[in-house]
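Asker: Going down the list, the protein sequences come from chains A and B.
Positions 24 to 136 (this note's numbering) are the ones given, in order, by the first sequence.
Positions 333 to 446 (this note's numbering) are the ones given, in order, by the second sequence.
Just so you know, these hints were derived from the structure itself, not from any lab.
The beta carbon of each residue, even a glycine, is placed where N, CA and C say it ideally should be.
Careful, some of the hints might be misleading.
[Claimed, not checked] Examples of chain B residues toward chain A, derived with CB under 10 Å:
(1) Gly334
(2) Phe344
(3) Gly348
(4) Tyr365
(5) Gly374
(6) Leu375
(7) Gln382
(8) Gly390
(9) Asp391
(10) Glu394
(11) Gly395
(12) Gly428
(13) Asp439
(14) Gly440
(15) Ser444
[Said to hold, decoys possible] Think about it this way: if two alpha-carbon atoms lie no more than 27 Å apart in a straight line, the pair counts; the simulated DSS-like pairs of lysine-lysine are:
(16) Lys131(A) with Lys341(B)
(17) Lys104(A) with Lys341(B)
(18) Lys91(A) with Lys104(A)
[As the list claims (entries may be wrong)] The following residues of chain A were derived to be distant from chain B, with all beta-carbon distances above 12 Å:
(19) Ala35
(20) Thr36
(21) Val41
(22) Gln48
(23) Ser50
(24) Leu97
(25) Glu100
One letter stands for each residue in the lines below.
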Amino acid sequence: GQNIDQPTEMTATEGAIVQINCTYQTSGFNGLFWYQQHAGEAPTFLSYNVLDGLEEKGRFSSFLSRSKGYSYLLLKELQMKDSASYLCAGDARPSGGYQKVTFGTGTKLQVIP
Amino acid sequence: DGGITQSPKYLFRKEGQNVTLSCEQNLNHDAMYWYRQDPGQGLRLIYYSQIVNDFQKGDIAEGYSVSREKKESFPLTVTSAQKNPTAFYLCASNPGAMGNQPQHFGDGTRLSIL
């Protein structure tokens, strides 16, 4: 099965940098997704990492270490609109079967002035 | 524009009643998923389907049923056996098993008990 862990809540200041960590234990691991979800809305895709290393996409970057079962999402130049939950999700093919995506509980980020 | 449509947006269920949540996609995706989200929680997988006429149980399938008779449709029935159905239900799709593609989500259905 899959086990995804991430902090429940974080607070950061507008204009600052914040790092949201995620650890995972997954059989048949393919890669790791990050999604953003504003309250009451559907999640929206941010990034997908399959290889080790850092992938940068504007103000958001995502890092993966397959050997350590570890990922993080880095948000730079924080804006008030970045206040949301950030969901880490493991992409796996258990026993070589169909793709299965398992989400963590999400990290609720509050950006303060 | 292509996308995923969930209906209704809000749904109320009486005790002992079955209700069906609709999910339709026009993205030509093979794979479709149903998740449940409780307040302050992440998404938990109920059922998923990678191909028409086939589906698999997720982590919390008890009290739910699905069908996949058409590629574009994946309705979820919340049965009376589900004793705590109040939650936000999200339907998602992606191209399928061979591609490591992100999931596209519908806007969700919020189900409450009367």
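Asker: All the hints need checking, so say for each whether the structure fits it.
Answerer: Here is how each hint holds up against the structure:
1. Gly334: Because about 15 Å separates Gly334(B) from the closest Cβ in chain A, which is outside the 10 Å limit, the hint is violated.
2. Phe344: Given a least distance of 17 Å, the restraint on Phe344(B) is violated.
3. Gly348: Violated, about 28 Å.
4. Tyr365: holds (7 Å)
5. Gly374: holds (4 Å)
6. Leu375: The hint holds - Leu375(B) has a Cβ within 10 Å of chain A, the shortest such distance being about 4 Å.
7. Gln382: holds (4 Å)
8. Gly390: Holds, because the Cβ-Cβ distance from Gly390(B) to chain A comes to roughly 8 Å (cut-off 10 Å).
9. Asp391: Given a least distance of 8 Å, the restraint on Asp391(B) holds.
10. Glu394: violated (16 Å)
11. Gly395: violated (20 Å)
12. Gly428: holds (8 Å)
13. Asp439: holds (6 Å)
14. Gly440: This hint holds: Gly440(B) lies near chain A, its Cβ roughly 6 Å from the closest one there, short of 10 Å.
15. Ser444: violated (14 Å)
16. Lys131(A) with Lys341(B): holds (24 Å)
17. Lys104(A) with Lys341(B): Satisfied, since the Cα-Cα distance of roughly 24 Å is no more than 27 Å.
18. Lys91(A) with Lys104(A): Violated: Lys91(A) and Lys104(A) sit about 32 Å apart, past 27 Å.
19. Ala35: Consistent with the label, Ala35(A) stays out of reach of chain B, its closest Cβ about 19 Å off (over 12 Å).
20. Thr36: holds (23 Å)
21. Val41: holds (19 Å)
22. Gln48: The claim stands: Gln48(A) keeps its Cβ more than 12 Å from every Cβ of chain B (closest is about 15 Å).
23. Ser50: The claim stands: Ser50(A) keeps its Cβ more than 12 Å from every Cβ of chain B (closest is about 14 Å).
24. Leu97: About 19 Å separates Leu97(A) from the closest Cβ of chain B, which puts it past 12 Å; holds.
25. Glu100: holds (24 Å)
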